[in-house]
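Residue numbers (my numbering), protein chains in the order written: chain L, 2 to 311; chain W, 5 to 326; chain Y, 12 to 340.
Result set (DSSO-like, lysine-lysine): computed pairs, CA atoms no more than 30 Å apart in a straight line: (1) Y:K53 <-> W:K266; (2) L:K37 <-> W:K20; (3) L:K82 <-> L:K270.
The set of hints was computed from the structure by calculation and includes no laboratory data.
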Amino acid sequence: MAEETTGVEIKGLERYPLLNAFLGGWSIFKQSLLGKIGLILLIMFALMALCSYIPPMVDPMYNPMTGVDPDITDSTGPSLKHWLGTDFMGRDILSQLLAGARVAFMVGVSAAFMSIVLGTAIGMTAGYMGRFVDTLLMRLADMIMVMPTLLVVLILAAVFGQLNIWSIVLIIALFRWPGVSRIIRGQTLSLKQRPFIEAAKVAGASHFRIIFRHIMPNVLPLAFLFMTFRVTSAIIIEAALAFLGFGDPGTVSWGMMLQWVWKTGHMFKAPYWLLPPGICISLITLSFYMLGRAMDEVLDPRLRKEDQTD
Amino acid sequence: MALLEVEDLCIDYKTKSGYLKAVDGVSFTLEKGESLGFVGESGCGKTTIGLGLMGMLPPNGVVRKGRILFEGEDLLRMSAEEMRQVRWRKIAMIFQAAMNALNPVQRVGEQVAEAMLVHNPSLGKHKALKAVEELFELVGLQTDRIRDYPHQYSGGMKQRAIIAMALACRPALIIADEPTTALDVIVQDQILAEIRALQKEFNIGIIFISHDISIVADMCHDIGIMYAGQLVEYGPREDVFDSPAHPYTRALLSSFPTLTGKKTDLVPIAGETPDLVHPPKGCRFYDRCPEQIPLCREKVSQWVALSPRHKALCCRCEMDGR
Amino acid sequence: MMENRGNAIIEIQNVSKVYRSRGALFGLRAKDVVALRQVSLKIYKGEIFGLVGESGSGKTTVGRLIVGLEEITSGDIFLDQENVTGLKGKAMKAFRRKVQMIFQDPYQSLNPQRSVLDTVTEPLAIHRIGRSSDRKEMVHKALKAVGLSPPEIFFYRYPHRLSGGQRQRVAIARAMVLNPEFVIADEPTSMLDASISAQIFNILLKMRGTFDVTQMFITHSLAAARYLCDRVAVIYRGKVMEVGSGETIIHNPKHPYTQALIDALPKFRSSGAIQRYGTLLTEERQVDLEQVGCPFYPRCAVADETRCGRETPELILLDEGHYVACFQL
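Sequences are here, hints too, so could you generate the full structure?
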């Protein structure tokens, strides 16, 4: 009998598979320049979002929405009191910009998260159940996929009047799941054929168990990868809506700031007002995109394999 | 002059944790028309030897040292272009699962002809196709199948086509790496018989690489047993199989189920193969060896000649020999 | 059919499996593929039964039909004299507790995202056996039984950190942890080296010895079957050709196909002259067999052209426990 008494101790990390996997991924991630830049940018924006709570605490006039500097009645350039200047009502642009970061994160992450959850659930169901369930769900996905999201949101906004920020998030999520579900469905189809699924069946596992215990853990990394890309598109959609005047009027977002610049005719007169939100939108979408690309490398099975051989 | 003489061949693979010594100090000779078989388990370096001889190592593989004398010339000193001339013309290879190497959208006959034309452009397409016909007959394929596509062939037929391709330039040496692993036994038997017959007919030297001892025993005059990158026993097949000297050879033989002979219990080899990035100082089989003595752990094993042509890399054999 | 030797734990009667071609495409219709033709076998309690065949012979299909991974086209399967064909729901779950399977490729049959402990515990969780502390104890025992010891160090390992032999042992532990009555091992060593295969063989033998688990061992290697199995059935193109003890099949094969198979195997370390049966035709007969006739007829050197191509031979008893399906005896 071959007894293997190699006497290997349980290494600390082995007990914590998630942490272990994370560290393994991190070592690949570290090598990606794109990923590092993306991450640094993202940390910057996260700090901005956190700092957004500070200015209103210093003085109520720094409240991004309602705080007006009583001494100022028109847009002014940067000064000691207002580092990035003020808008047409005398509101502080810096505090608006910081608040915008918070909103961007909120909109981006929550819309992306919802669309991923929806897309993963639908994709797994379609792939695993097959037959008419698959056909039905995928036709629905096709239909939604070909609809131009922005246009539909505009129409909805026109019909229901002003939408608040959460309805916008919900609409983005509802329109952005089909792409995810297609990918997840494909992955599920290939997983379904794998012997470990058959082994689970032979052990007596229910469909529910197979989907959630065996298929889901294997598609989740892919789903999270897609989430980073979805964040990008959600932020852009929200900004576009706000700029076109269909945003939530009670929220200061970067798109909203751009709309105010444009509406009050400061487009070419106040670069200190126009540029910061514009640059921020570009950079935050870029940073999520770069993060996604780096994650893609982390999850690439070929790179993984190379990692295992040593 | 021997057809092939390999001296102290060392091949490393570059990995993240360091150089993996896939082949370490392997020496052997092969005479014209003879056959030599390498047997070993996965990861023992037998495939790497084949790739090294062909000059087809993967990008992270390097020949650290050694000489490969083919017809008296050192292959390792040749330029890429010279090597290309030798490859397929003089040394051909039949890969593991080579049948998947056929291009699915090109007729099999044309693929074989093309392989010929690449190395001999002056032949002309018409003559090449004529030669393919002969080759097909040689390997036992019906000539009316020349114009078929690979998917119309069975596994055995594809393998025959690959052998035809290897024979196209009448090489002096063929390296066959698990040429029948994916085939069923009846087809395997036919292919092996074919290879044997062709070897005899054209006096080809064959290096046969397999994990299946019984096939190698059937095919080869000389046998090399490999373990963890090293050749551990080398000699004529009768000597190696009838009086195996290295404990690994003995262990391998007793773990192998045979069809004939006495039915004894199979004895597995305990443990796992050593890490080849940091190989053990002494004998590489030490950890798993049932006959280990403390000396084996420290002392680098030396070759011990058991008979003029039979030798083993083992401290114990050395002591017993004295 | 076959005489009653003790109790048959698994009996399959006239089982056929046809893979219907998918719907017609552009009016072209692919032929249905007949994977199994009227296969009948009895597997007795406590034995290891070998099913030997080439690729495409339908040997794996037999195993998959028994465990219910595929639907049977016609015929019946009995477990302990009870018909278990096409079970559903609760009855199926109860059946699965008794019948388990070990798969061919240990690199594919373990979920890469689940640790050894998760994998081996799962069957217990599914069938609600024991509390979680008891389950850990049972997993411990199962891992120990398959030679993964000390088991604790393997609990939190993931498949990618295990060698092929270790993975297959985890797969065996998963199958054995439920204490099944019958286990099907589908070429469990075809992806493993010889020395590792021997470990797996010994574990399977031990399972039979200590836990009295009846097994069906599906393999392409007669040599492996010889070491492991009490009785062996040779299957070719969906039809059982010969059944007998391992030694009988190897040393006294009666069916021309079995003889051709023995001819083809390399005679390693054999003593004495090798006699060949020579039952294989060099040129195949060009016939369309469809559903009748002996499947080996196109390649059989001793076939009777008037009969073998037109009638299907059934298994007949030759000696004690030795059945052959051939007209030319």
